[in-house]
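Residue numbers (our numbering), protein chains in the order written: chain L, 1 to 324; chain B, 1001 to 1304; chain U, 2001 to 2258.
There could be a bad hint or two in this list.
Listed below are the simulated EDC-like cross-link pairs for lysine to aspartate or glutamate, each with C-alpha atoms no more than 16 Å apart in a straight line [claimed, not checked]:
1. Lys2113/U - Asp294/L
2. Lys43/L - Asp226/L
3. Lys1264/B - Glu1289/B
4. Lys2113/U - Asp226/L
5. Lys1264/B - Glu1296/B
6. Lys2249/U - Asp2171/U
7. Lys1157/B - Glu1079/B
8. Lys2225/U - Glu104/L
9. Lys2050/U - Glu2242/U
10. Lys2113/U - Glu221/L
11. Lys248/L - Glu2211/U
12. Lys1149/B - Asp1089/B
13. Lys170/L - Asp89/L
14. Lys1066/B - Glu1246/B
15. Lys68/L - Asp226/L
Don't read these hints as lab results, they were simulated from the structure. All values derive from a computational prediction rather than experimental measurement.
Listed here are the chains, written in short residue letters.
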Amino acid sequence: MKLIISEMVGLSIGEKHFIQGGIAQDIRSDGRKRLTPRPINVKTGVISQANGSARVRMGATDVIASVKAELGRPTALQPDKGKVFINVDCSPTAAPMFEGRGGEELSAELSVALRHCLLGGKSGSGLSSLLAIVSQWNVFESNCRVKIWVPLFVSGAGIELSSLVVVEGKICWDLYIDGLVVSSDGNLLDALGAAIKAALSNTGIPRVNVAAGASGDEQPEVDVSDEEFLQFDTSKVPVIVTLTKVGKHYIVDATSEEESQMSSAVSISVNRQGHICGLTKRGGAGLDPSIILDMVSVAKTVSEQLINTLDSQIAAAEAGEDES
Amino acid sequence: MGLPDGSGDLLSKMDGDAFRRLFPLQFYESHFVKSTRPDGRSLTEARETSSALGAVASADGSALVKIGSTTMLAAIKMEVMTPPTESPDEGCIAIDFHMPPICSPTVRPGRPADAAPVVSKQLSDTILRHYGNLPVVFVYCSSGMINLKELSLISGKAAWMAYLDIYCLDADGALFDAALLSAIPVVSMNDEGKVVVMSEEQGGKEAVNNGKRKLTLSSIPFSLTCILHKKYILADPTAEEESIMETLVTVVLDSSGQLVSLYKPGGPVLAYTSAIQDCVALTRQRARELQAILDEAISGMEVD
Amino acid sequence: MAGKGGATSSTYAPSPTTQKTKSLIFGNNDVDWVRSDGREFHQCRPAFFKTGAVNCASGSAYAEFGNTKVIVSVFGPRESKKAMMYSDIGRLNCDVSYTTFATPVRGQGLDHKEFSSMLHKALEGAIILDTFPKTTVDVFALVLESGGSDFPVIISCASLALADAGIMMYDLVASVSVSCLGKNLVIDPVLEEESYQDGSLMLTCMPSRYEVTQLTITGEWSTPKLNEGMQICLDACAKLAEIMRACLKGTNSTLEES
């Protein structure tokens, strides 16, 4: 993967030195410091059919996240909780390497990384049982695209999954979160994480009235309201900060040119309380454990700013949407 | 085929390993003349065989069989199903043979091995009852190893669905022999009596089959694969031998020595009746060995 | 729900172990509960390794941690696929699969595409790819029985198989996971513990070089807890690597880990 990116970006030796040297001296090619992210631009409600959606732009990186809520059945394992699935697609137009099947590997990698980063505490589900649910859903959703639906249990850290239950053990809301990479210039994971957070705060779940009188094994009848909507409290949803190591230093919000020079990258998701909600390491080269801990503390500082920026952007976007 | 003239000179100069790679057939034939094989066996001798039961705890029954370095892991999982209306008092067994990429350099992930479906079919045919529609190459006789009625729990309502999966962990020839040997003890010792079936009349749960129960095998099939090459008959070939000499004959006999099936999938050598009779005789001898190994494995299991 | 799903739901496993109630097994913040196999919280299961499990492979290893049983075969270095571009460093190709009977419910573990790419990432930092240019090394893993902590066992076993195949590496790769259960950190969790965990941390490292090649964390962790979890894993990895080394040297390969 590393190899492919560097080939595709096609940098000369001089350019590589320029990027590496700039990072070493704390002035990157676009004038940023190592820990300065690019300005972030959030727009919500971009897809009218979805229950919630958002578009996030960071420099030339452009991603869209949408949330679709459907009524489903809770799993036997967790009758009091709803389900969340994440799937990422890379548009073939986003980068030359996504043409044909090129984007599939990256899409799968991003889906898995998003799950690791956003999968909250109190999940009550190990890897294997999670996957079991995925495979079941592949069968049931056979009319949909057969894609890797990654169930995500964000409860303690993110969405209160018990709030998604309509009738315990019988009816719950399933959230399908789709990410689409429209244009890629590095740092896709952070952008997708931000877009999902924004899309969730934009999401309205219809109020459901359950007809009384259903008993036993029968599925109760429900009436889905198209006027009343419930909102999520997304203040607990973590943001993702990826630190990319180039040479001896690490940078935030790397562009794809900078990513081509990385030895390894660590993606850390942090919530408002400064707790780590997930971590995944990408890139092969080994890292000293103390450096990882160092990166974690840096990620916490960076995440504070990111959360604040994101929150104000989301608020502004929501306000703008209401006016229009 | 055949050594070029003057290869005698070449031979004297070449070391054994290079000779084996360049002229494998001649290498083997030079052994056969002395009634021996490169691994030190005589022509009709099978490799060392062992069988161990209960290797996998997550299955309802399992066995690990090694013939030489060919290794098979068979395991059975029992599930409950509603029997089909045509046969309300019968259960079902699904047999599948897998060759995962770990077992051989020729198998790649995502692409099933060519041999796997063939062995799978052979196994199903041997273990399950089968009537009619016999392919021409099968000289067939139903072995009726399992009585599917024994898998019934409540007639018309519940029956066992047994999934028998056999994984090849190391492929070094005679895959069918090893697979069959691993399948037999697994089939015979399944059904642990742990199931609880809903009985609708009482509205509660009721154990239908208390205690351990064994399936009775009406007859136990044993098989031996032989290679026919010129006038030689080689029992229990390795993968290398199978790749060099292509005519294989697989004979399956039941425990009373009767022929269950005979399988000769083409090959350049045409078999005379006498050669087939020799193969059957070898299989008869081998069946006694395998019976002893199986008895030992099962008695080892019952002591535990 | 019906349609295609109908075929799969016609049979069911008689006793899914997953339906036990959580509260019975782990009192939420109870410090006194005992692990189902009687281990202490920071005690790994006895590890057993054996190299040369598969004859026809260039190198192979079998690992058994309690009920978790894994075989890994390594093939190559051999010719890369024709479609591959020229590469002056070697390629690593990983695949992880499960037997149908590995999991308590049949056929659950079959689709593990992400495990393959995660295994690739855990190993590539340790292998000296320059030593086999233009060729590919294939690492294939088969989980015979899933008994919890499958993935760390796969990684450790794979690095042992690579060593057995004579592939040049900077160091052996050892991997250990901890589960967070209530207030407790539990090392080398079994399947049951994994299914009730509040968070998990899996660390893969090269112990002699003291370098982390793969780290995956799920769930909510405070910094002191993260430090503690990583330290536990690093210590356990160092011990695990000793066992693996002993196995390669052909000395006593079964050692009790503490």
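Here is how each hint holds up against the structure:
{"no.": "1", "hint": "Lys2113/U - Asp294/L", "in the structure": "violated (31 Å)"}
{"no.": "2", "hint": "Lys43/L - Asp226/L", "in the structure": "violated (24 Å)"}
{"no.": "3", "hint": "Lys1264/B - Glu1289/B", "in the structure": "violated (23 Å)"}
{"no.": "4", "hint": "Lys2113/U - Asp226/L", "in the structure": "violated (39 Å)"}
{"no.": "5", "hint": "Lys1264/B - Glu1296/B", "in the structure": "violated (31 Å)"}
{"no.": "6", "hint": "Lys2249/U - Asp2171/U", "in the structure": "holds (15 Å)"}
{"no.": "7", "hint": "Lys1157/B - Glu1079/B", "in the structure": "holds (14 Å)"}
{"no.": "8", "hint": "Lys2225/U - Glu104/L", "in the structure": "violated (35 Å)"}
{"no.": "9", "hint": "Lys2050/U - Glu2242/U", "in the structure": "holds (14 Å)"}
{"no.": "10", "hint": "Lys2113/U - Glu221/L", "in the structure": "violated (38 Å)"}
{"no.": "11", "hint": "Lys248/L - Glu2211/U", "in the structure": "holds (15 Å)"}
{"no.": "12", "hint": "Lys1149/B - Asp1089/B", "in the structure": "holds (6 Å)"}
{"no.": "13", "hint": "Lys170/L - Asp89/L", "in the structure": "violated (31 Å)"}
{"no.": "14", "hint": "Lys1066/B - Glu1246/B", "in the structure": "violated (23 Å)"}
{"no.": "15", "hint": "Lys68/L - Asp226/L", "in the structure": "holds (15 Å)"}
Checked against the numbered hints listed earlier, the structure breaks hints 1, 2, 3, 4, 5, 8, 10, 13 and 14; every other hint is satisfied.
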